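Asker: Chain residues, written in single-letter form:
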Amino acid sequence: MTVGLVIVSHSAQLAEGVVELAGQMAQGKVAIAAAGGTAAGALGTSVEKILAALHVVDGPDGVLVLLDLGSAVMATEMAIEAFTEGRENFQDHIIISSAPLVEGAVIAAVESSIGNSLHEVAEAAAEACTLPKVHSQNSQD
Amino acid sequence: MPITTEDTIRWLQRLAVVLHENRDFLTQLDSPIGDADHGINMDRGFQAVVEKLPALAGMDIGSMLKTVGSTLVSTVGGASGPLYGTAFLRAGIASAGKHELDEADVVSMLEAALEGIKARGKAQPGEKTMVDALTPALVAAKEVEAQGLDLSQLLQRVSDAAEAGMKATIPMLATKGRASYLGERSVGHQDPGATSSWLILRTLAETIG
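Going down the list, the sequences are from chains S and G. Heads up: the first sequence begins at 4 in the working numbering, then just goes up one per residue. Heads up: the second sequence begins at 1087 in the working numbering, then just goes up one per residue.
It is possible that some hints are incorrect.
As the list claims (entries may be wrong) - Looking from chain S toward chain G, a few residues come up when the C-beta cut is under 8 Å (computed):
hint: 1; residue: Gln16
hint: 2; residue: Leu17
hint: 3; residue: Ala45
hint: 4; residue: Thr48
hint: 5; residue: Glu51
hint: 6; residue: Leu54
hint: 7; residue: Ala55
hint: 8; residue: Ala78
hint: 9; residue: Met81
hint: 10; residue: Thr133
hint: 11; residue: Pro135
hint: 12; residue: His138
Since the hints were made in silico from the structure, they are not lab data. Treat the numbers as computed from the prediction; the structure is a model and nothing was measured. C-beta atoms are modelled at their ideal positions from N, C-alpha and C, and glycine is treated no differently.
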């Protein structure tokens, strides 16, 4: 089993696209589910969709949730509350990542596919914002 | 005169109308400093609440408000869904089993609602959010309750305090929500969430008063 990933976005298309990209890095070994847009398919977030995605990817190794904007955190927290109702120590089982959505998801997919723990996957994803995207051509180092 | 279950239903019906009438106004407020959907979201959420009203008949007030809360969570895809959803759920818990509300009930429900919003959204006063309308509203409610004024006077003072709090958001810098992405450009605009909070409380005062 590997750490599962939930991709939360205000856009259904964006969430699905990120799932696609992250999936390319995971060789089919990682459960990744999209939870984008509202129930009606408009821009926004849906507690129901996030909850459904948690059910899809949950496993003994836990879940890392990546999201696009801070406003998705509230809906994600409500979904986690519903999902973990009655369970204890869920803080160690589901982690919400502050990582940028795309880079974080790709890194998390790689880390999960090699069997790392939830905390290891979360830490690696959190480093995503430090990776330079465009490299200087005239680097002195 | 306490607030009854019938009053609660009348308030929700009226609120749906008010939020529908103010849909464009709220959306216009949300355009320069947000994602331009607050009015649309509140209208949609309360249209869904109206559809549930027949099912609320016979419920206690707490159960009605919990139903409003869960309806908002499932129909409002913006930040207001979780925020107002939690507010109504907490107010519903605070009024569980009650068929009448007095001054003390209203104060504890407002307090529970505000605590829920702050726990959910992590905002404090001064960040240009609905908390900036609801915090002075709660202060006013407690003052009026201590003075022993009646319910309709309490609700009017609460509404007035929320209005003042809403206007006070205009010069604030947004440090929460979508508006926080705009930084200094959020200054000079009235917060849409504070505005809808005021509309909710003003409608309550008008319904009961």
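Asker: Each hint should be assessed against the structure and marked as holding or not.
Answerer: Results for each hint:
Hint status for Gln16 of chain S: violated, given a least beta-carbon distance of 15 Å to chain G, over 8 Å. Proximity of Leu17 of chain S to chain G is violated relative to the hint, the smallest CB-CB distance being about 14 Å (cut-off 8 Å). The beta carbon of Ala45 of chain S comes within 6 Å of a beta carbon in chain G, closer than 8 Å, and the hint placing it at the interface holds. Interface restraint check for Thr48 of chain S: the shortest CB-CB distance to chain G comes to about 6 Å, inside 8 Å, so the restraint holds.
Annotation: Glu51 of chain S was flagged as interfacial toward chain G, and the flag holds, the nearest CB pair being 6 Å apart, inside 8 Å. Given hint, Leu54 of chain S at the interface with chain G, is violated; its Cβ is 11 Å from that chain's nearest Cβ, farther than 8 Å. Nearest Cβ of chain G to the Cβ of Ala55 of chain S: about 13 Å, over the 8 Å cut. The hint is violated. The beta carbon of Ala78 of chain S is positioned within 8 Å of a beta carbon in chain G (closest approach about 6 Å), and the interface hint is therefore held.
Interface restraint check for Met81 of chain S: the shortest CB-CB distance to chain G comes to about 5 Å, inside 8 Å, so the restraint holds. Of the supplied interface hints, the one on Thr133 of chain S is violated, with its beta-carbon coming no nearer than about 21 Å to a beta-carbon of chain G, more than 8 Å. Annotation: interface hint on Pro135 of chain S violated; nearest CB of chain G at approximately 23 Å, more than 8 Å. At a threshold of 8 Å, the smallest CB-CB gap from His138 of chain S to chain G is about 28 Å, leaving the interface hint violated.
Checked against the numbered hints above, the structure breaks hints 1, 2, 6, 7, 10, 11 and 12 and satisfies the rest.
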